[in-house]
Amino acid sequence: MTNAISLFKHGCALVRGASAADPSIDKTLRLIEAFFSRIATQVFLVRLVPREVIGGDTEHSLAKTILPLLERSSPADDASSPERTISSIAEAREWLLQLAVAYRRDMPPAAVTALARRFGAWCAAFDAFRRSMAKTGRVLGPAERRALALLELHRRYLSINIAALDQEDREDPSSWDQWTDEFREMVGFAEEAAADDGGGPRFYLEIGVLPALFFLCAKCRDPETRRRAIDLMARGRLQEGIWGSDMAARVARRVVALEGGLGGDAVVAGDARVRRIAVNADAETLSVGYELRGGWVEEAVEEMQDVDVD
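Residues in the sequence shown are numbered from 19 upward in steps of one, following the numbering used here.
One or more hints might be untrue.
[What the hints assert, rightly or not] Under the rule of at most 20 Å between Cα atoms (straight-line distance), these lysine to any residue pairs were calculated in the SDA-like manner:
| id | residue 1 | residue 2 |
| --- | --- | --- |
| 1 | K153 | I107 |
| 2 | K153 | L166 |
| 3 | K153 | A142 |
| 4 | K153 | R220 |
| 5 | K153 | R163 |
| 6 | K153 | R136 |
| 7 | K153 | A165 |
| 8 | K153 | A143 |
| 9 | K153 | S105 |
| 10 | K153 | A167 |
| 11 | K153 | T103 |
Source of the hints: derived by calculation from the structure; they are not laboratory data.
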């Protein structure tokens with residue numbers, strides 16, 4: 019994975035160099051950049067789920083690669099302009115992705131405040147956009163309803179992560195219990211966003227429900243909410259760019275199993291919770307580590323057994 023990320027960065031540099039050298043191919047390069055930005059953002063947003071390392075890359079160096087691609091594919095995110103509006107679902111998605119990529123776990127207080135203000139501007143513009151759609155009286159199609167549900171899902175996903183930046187101890191697994199209601203809302207929107215009458219395997223290049231659902235399974239300890247999220251991933255047969263529903267569900271089940279399973283309705287006790295998840299990748303192996311109160315448990319993905327957590 020380290021090599022793959024290095025090659026990706028090199029490819030982005032080649033695209034930028036080609037654009038400067040030959041402006042006549044600019045339209046073609048914009049299409050390539052749009053493709054690159056989707057994959058890049060998915061890799062980058064892995065840091066929103068609880069992990070330490072992926073591919074040996076640091077989020078800051080990858081951000082320098084991704085942000086120029088996103089900025090060229092959507093209008094500038096000007097937090098100082100209260101007049102910015104949203105006129106389409108696609109515009110809402112691109113703006114929200116810019117905010118997600120701007121997120122850092124180690125942001126100083128001033129940057130956290132600025133990001134929260136920018137996110138608030140997006141929320142206000144998105145709510146106004148939804149009201150304007152409702153006023154038209156037009157009946158939304160299934161694809162539009164799913165797209166809006168996905169935006170509502172990621173709205174809560176990012177909102178929780180931004181709010182957590184103000185917590186004194188974000189690594190305390192009990193601190194996430196204050197967002198249990200939001201986690202429940204996330205599952206509902208994910209179920210709506212993932213609804214599809216086809217029933218077969220599906221592939222999407224766009225960021226979908228899986229990163230948010232995996233984050234939920236790692237942070238939410240409400241048994242019913244967790245169970246719904248895992249069931250949705252397990253039956254989804256989804257591949258969302260780099261995210262696969264089968265692997266996400268297996269790792270989520272493993273987290274729950276380490277915490278004692280989903281039996282009963284009791285919330286998992288604080289000292290029994292998985293504190294962090296680390297994805298470690300090199301040229302030969304991919305392993306997942308789980309930090310418990312007594313230390314780390316690590317296992318290679320190819321050796322990971324699916325478990326029944328009911």
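Assess, step by step, whether the Cα of K153 is no farther than 20 Å from the Cα of R163, and give holds or violated. holds, 16 Å
Holds or violated: K153 to A165, with C-alpha atoms at most 20 Å apart: holds, 19 Å
Check the hint pairing K153 with S105 against an upper bound of 20 Å on the C-alpha distance. holds, 14 Å
Would the pair K153 and A167 pass a check requiring their Cα atoms to be no farther apart than 20 Å? holds, 18 Å
20 Å Cα cutoff - pair K153, L166: holds, 16 Å
Take the C-alpha atoms of K153 and R220, compute the straight-line distance between them, and say whether it is at most 20 Å. Answer violated: K153 to R220 is near 33 Å, above 20 Å.
Keeping to a limit of 20 Å between CA atoms, is the pair of K153 and A142 held or broken? holds, 17 Å
CA of K153 to CA of A143, is that 20 Å or under? holds, 15 Å
Does R136 lie within 20 Å of K153 when you go C-alpha to C-alpha? Between K153 and R136 the Cα gap is close to 26 Å, so the pair fails against 20 Å, i.e. violated.
Please verify whether K153 and T103 have alpha carbons no more than 20 Å apart. holds, 16 Å
Does K153 pair with I107 here, judged by a C-alpha cut-off of 20 Å? holds, 16 Å
The structure fails hints 4 and 6 (numbered hints given earlier, in ascending order).
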